[in-house]
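Given the sequences, and given the hints that come with them, work out the whole structure.
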Amino acid sequence: DACSEPASLPAEDISTNSNGPKQDLLFDEDPEDLFAEATEEVSLDSPERDLLLSDGPSPAITPITPPTSVITPCIGHAHDDMFTHSSFDEIEEEEGGDLFDMNISVSDPEKVGDGMNAYMAYKVTTKTSMSVFKRTEFSVKRRFSDFLGLHSKLASKYLHVGYIVPPAPEKSIVGMTKVKVGKEDQSSNEFVEKRRSALERYLMRTVKHPVLLKDPDVLQFLESSDLPRAVSTQALSSAGLLRMVNKAADAVNKMTIKMNESDAWFEEKQQHFENLDVQLRKLHASVESLVCHRKELSVNTAQFAKSAAMLGNSEDHTALSRALSQLAEVEEKIDQLHQDQANADFYLFSELLGDYVRLITAVKGVFDHRMKTWQKWQDSQMLLQKKREAEAKLQFTNKPDKLQQAKDEIKELEGKVQQGERDFEQISKTIRKEVSRFEKDRVKDFKTIIIKYLESLVQTQQQLIKYWEAFLPEAKAIS
Amino acid sequence: MHYGMCCLCVLQPRAVNVDLQTDATLQVDISDALSERDKVKFTVHTKSTLPNFKQNEFSVVRQHEEFIWLHDSFVENEDYAGYIIPPAPPRPDFDASREKLQKLGEGEGSMTKEEFTKMKQELEAEYLAIFKKTVAMHEVFLCRVAAHPVLRKDLNFHVFLEYNQDLSVRGKNKKEKLEDFFKNVVKSADGVLVAGVKDVDDFFEHEKTFLLEYHNRVKDASAKSDKMIRSHKSAADDINRIASSLYTLGTPAMFKFEFEFTSSVVESGLLRFCFIALQKIEARVAADEDLKLADLLKYYLRESQAAKDLLYRRSRALVDYENANKALDKARAKNRDVLQAETSQQLCCHKFEKISESAKQELIDFKTRRVAAFRKNLVELAELELKHAKGNLQLLQSCLGVLKGNT
Chain A
1 DACSEPASLP
11 AEDISTNSNG
21 PKQDLLFDED
31 PEDLFAEATE
41 EVSLDSPERD
51 LLLSDGPSPA
61 ITPITPPTSV
71 ITPCIGHAHD
81 DMFTHSSFDE
91 IEEEEGGDLF
101 DMNISVSDPE
111 KVGDGMNAYM
121 AYKVTTKTSM
131 SVFKRTEFSV
141 KRRFSDFLGL
151 HSKLASKYLH
161 VGYIVPPAPE
171 KSIVGMTKVK
181 VGKEDQSSNE
191 FVEKRRSALE
201 RYLMRTVKHP
211 VLLKDPDVLQ
221 FLESSDLPRA
231 VSTQALSSAG
241 LLRMVNKAAD
251 AVNKMTIKMN
261 ESDAWFEEKQ
271 QHFENLDVQL
281 RKLHASVESL
291 VCHRKELSVN
301 TAQFAKSAAM
311 LGNSEDHTAL
321 SRALSQLAEV
331 EEKIDQLHQD
341 QANADFYLFS
351 ELLGDYVRLI
361 TAVKGVFDHR
371 MKTWQKWQDS
381 QMLLQKKREA
391 EAKLQFTNKP
401 DKLQQAKDEI
411 KELEGKVQQG
421 ERDFEQISKT
431 IRKEVSRFEK
441 DRVKDFKTII
451 IKYLESLVQT
461 QQQLIKYWEA
471 FLPEAKAIS
Chain B
1 MHYGMCCLCV
11 LQPRAVNVDL
21 QTDATLQVDI
31 SDALSERDKV
41 KFTVHTKSTL
51 PNFKQNEFSV
61 VRQHEEFIWL
71 HDSFVENEDY
81 AGYIIPPAPP
91 RPDFDASREK
101 LQKLGEGEGS
111 MTKEEFTKMK
121 QELEAEYLAI
131 FKKTVAMHEV
141 FLCRVAAHPV
151 LRKDLNFHVF
161 LEYNQDLSVR
171 GKNKKEKLED
181 FFKNVVKSAD
191 GVLVAGVKDV
201 DDFFEHEKTF
211 LLEYHNRVKD
221 ASAKSDKMIR
231 SHKSAADDIN
241 RIASSLYTLG
251 TPAMFKFEFE
261 FTSSVVESGL
271 LRFCFIALQK
281 IEARVAADED
291 LKLADLLKYY
301 LRESQAAKDL
311 LYRRSRALVD
321 YENANKALDK
331 ARAKNRDVLQ
341 AETSQQLCCH
351 KFEKISESAK
361 QELIDFKTRR
371 VAAFRKNLVE
381 LAELELKHAK
391 GNLQLLQSCL
401 GVLKGNT
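So the protein sequences, as listed, match chains A and B.
If you count by full-length UniProt numbering, then the first sequence holds residues 1 to 479, one letter each, in order.
If you count by full-length UniProt numbering, then the second sequence holds residues 1 to 407, one letter each, in order.
Be a bit skeptical, because a hint or two may be false.
Looking from chain A toward chain B, a few residues come up when the C-beta cut is under 10 angstroms (computed) [stated by the list, open to error]: (1) PHE191; (2) LEU280; (3) LYS282; (4) ALA285; (5) ARG294; (6) ALA319; (7) ALA475.
Ranges of calculated distance between the beta carbons of each label pair, as one might list FRET restraints [claimed, not checked]: (8) A:ASP316 x B:VAL75: 40 to 46 angstroms; (9) A:ASN313 x B:THR368: 17 to 23 angstroms; (10) B:GLU108 x A:GLN462: 38 to 44 angstroms; (11) B:GLU108 x A:ASP316: 53 to 59 angstroms.
Rough simulated footprint, nothing fancy, chain B against chain A, three-plus residues with beta-carbon under 8 angstroms [what the hints assert, rightly or not]: (12) 156–168; (13) 452–464.
Hint data in this document are derived by calculation from the structure and do not stem from the laboratory.
Owing to the predicted nature of the structure, the values given are computational and were not obtained by experimental measurement.
We put the CB at the ideal spot given by N, CA and C, even for glycine.
Set out below in structure tokens:
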């Protein structure tokens, strides 16, 4: 099948429009992801798929130092200083944008249609003063597949040149089916709210990226009331995409990419993201466990409250009986506090961590693309070498036509090699910028969330003080 | 005939005998305890001016089984049928805690040094808390006996306090355990007796209805409070783990490549501080509830059972008395063994009346004790919750102040 194709595909064999039979097989890998939503249409002209194939399989192996015979890429070391010390503002000025002032809200989820063809429509409202937009406030209606469509367009344009494209929210078969079927219960409401919030975070993250913000697809998504249905959109979630990438990588066993990491920065950063990935996943798991236990605590507190009320009823000492009923009321209120806290834990913490775990996967993907770019460049170089050797041999034969052809091919390949080197330098430069931006945002995001979380805890403590202060005199009144 | 309300105050570690309202002629406490592999050794310390003791102050070492022996000797003593026998202390149970410590030891390799140290401290604190609680429970039992005007004179009690050799009260053998089992079966069958027969005496009728319902409600509340506390502990454990992760994430190494290096170091330190604080906050609240509410409910579950047992004994005596009356009537009718029947009837009558009289007072005192204990513990619970909520608030607000100010 497609995953066991030969390791190095010559770049020029793949065109963006080939629809060979081997590409169908790639779909069978993940039927769940591809055909999950009945309303999603799958087309063979997917940008992701072509992106995948055109860059060749991506090796998931850490680069090691190559033997000296391999031509080493030369990265302008002037970049080191520029990017380790440049500030975000400098970068923005570089790109000539005005200061970021934008707020997007996703609201008013509305069920459209009936049965299995139903979907949720969300209102996307943008408020901004930035010059790139025609108006200062505008709304459009969008559905989930529109968001996925936007993401796949952005991914196909920017991932392989090193931009960290924020992943779209996860699809959920179970969640959506409940909504379609018309179950109006708490869990389906929770699901819709979870999704709405995730879509909002997704858009905000996307527009905060100075390059993505200016992308015409993004602008169209936010502004145009008529968005062409994402018919040709591959129903691939970002997780699905990366799963496929990794599957391809796994199948390419024992392939080592030898890169000269004279640029220690990339190696260190890659290790850093590996560590971060592990830590964040661990943290995410703990927070999810906390949310679960807090919900449990809320239920148990409510049950205890009822039990205490019953105990109060059966107590025959009047003042004690009253105090016990009051205790029951306090515990009921505390139960509500636990619930609210669990929600805060969830929305503030757990979801953010989930976002970051997915984001880090995107970051790792971008590093992988850099390696693929390097490999492509190396492959061109090696091919050039071979052609040069072949041409040298042809010099001694009397085949002027072949010689000319060889010379032409060499000229073309020299161009390719130069392009490969430029691509590699460009992606490296872009990644450095992106990683800086990402890390800065990460720290800011976490700090904001922690502040919000602490504030929610402050509220809880203040409420607790209120409740117990009201109860204390009741307890003292027992005589 | 009122005994002091000292007993529930000992549920705090080492706050003993402060409120003992009876005379100082007999003061008992557990001055020391040693936890060995599978048993706990309590040092029972007595101070007494009573003439029956050889010295005024002395200590002996006792184990749990000896407490149980003492309790059972009270229950089996017919003379004490009219009293609420102070409930026996529960068996020291460190199994769960020990298992956790063992699991931690096994998993040492898989966690960071900080995590391990922190978890070890938590588990050791838990072990210590359980230990303190079992000491308190055993002490409460002795205090209650010492405060009871009749039980404090019991000979077995004095032997327990003074005899400095092992009482050789080996654990019950199979036969005895079986006997106990049947005794309990009979008791519960007769429990129906207690509920079914309407009492002539209004006081006892009311008490019966009340106790039956109360006991069940306390049982339910005790179980639910345990569940609540378990959830709280699970959440606290999660917060521990979160704190550890954040601690690791907060290492300067994670912030190393930031151009805002210095401020990141400060922030990372703050993060860690905040989360260690949070973890303490959650763990504390769970411990408070445990002490105050759960222990209180558990204790009154056992006390209300002891009160029920008293009512049961009285009912049995009443039945015996009624049967003796019937036997006497029959004897008189047949004019045979009348004297014997009369004596028997008088004995039963006397026994029943004696039990009724003391039972009445016991039940009144039970109510007084109960109300006082609940009051004390509810007030202390509210005060502790307030103290901690205010402390937490302060801590959180200072964290926020620094975090926000550092932007």
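These are the hints, each one checked on the structure:
Violation of the interface hint for A:PHE191 is found here, the shortest Cβ-Cβ separation to chain B being roughly 23 angstroms, above the 10 angstroms cut-off. Annotation: interface hint on A:LEU280 holds; nearest CB of chain B at approximately 8 angstroms, less than 10 angstroms. Using the Cβ-Cβ criterion of 10 angstroms, the hint placing A:LYS282 at the interface with chain B is satisfied: the shortest such distance is roughly 5 angstroms. The interface hint given for A:ALA285 is met, as the beta carbon of that residue sits about 9 angstroms from the closest beta carbon of chain B, less than 10 angstroms.
Restraint check, A:ARG294 versus chain B: the minimum CB separation of about 5 angstroms is within 10 angstroms; hint holds. Of the supplied interface hints, the one on A:ALA319 holds, with its beta-carbon coming within about 8 angstroms of a beta-carbon of chain B, less than 10 angstroms. About 4 angstroms separates the beta-carbon of A:ALA475 from the nearest beta-carbon of chain B, less than 10 angstroms, and the hint is met. Range check, A:ASP316 to B:VAL75: Cβ separation about 26 angstroms, and the 40 to 46 angstroms hint is violated.
Distance hint check for A:ASN313 and B:THR368: the Cβ-Cβ separation is about 21 angstroms, which falls inside the suggested range of 17 to 23 angstroms. Hint check: B:GLU108 to A:GLN462, Cβ distance near 40 angstroms, so the stated range 38 to 44 angstroms holds. A hinted range of 53 to 59 angstroms for the beta carbons of B:GLU108 and A:ASP316 is consistent with their spacing of about 54 angstroms. Check on the region 156–168 of chain A: 0 of its residues sit with their Cβ under 8 angstroms from a Cβ of chain B, so the three-residue criterion for coverage is violated.
Using a Cβ-Cβ cut-off of 8 angstroms, 7 residues of the region 452–464 of chain A lie near chain B, which meets the minimum of three, so the contact claim holds.
Checked against the numbered hints above, the structure violates hints 1, 8 and 12; every other hint is satisfied.
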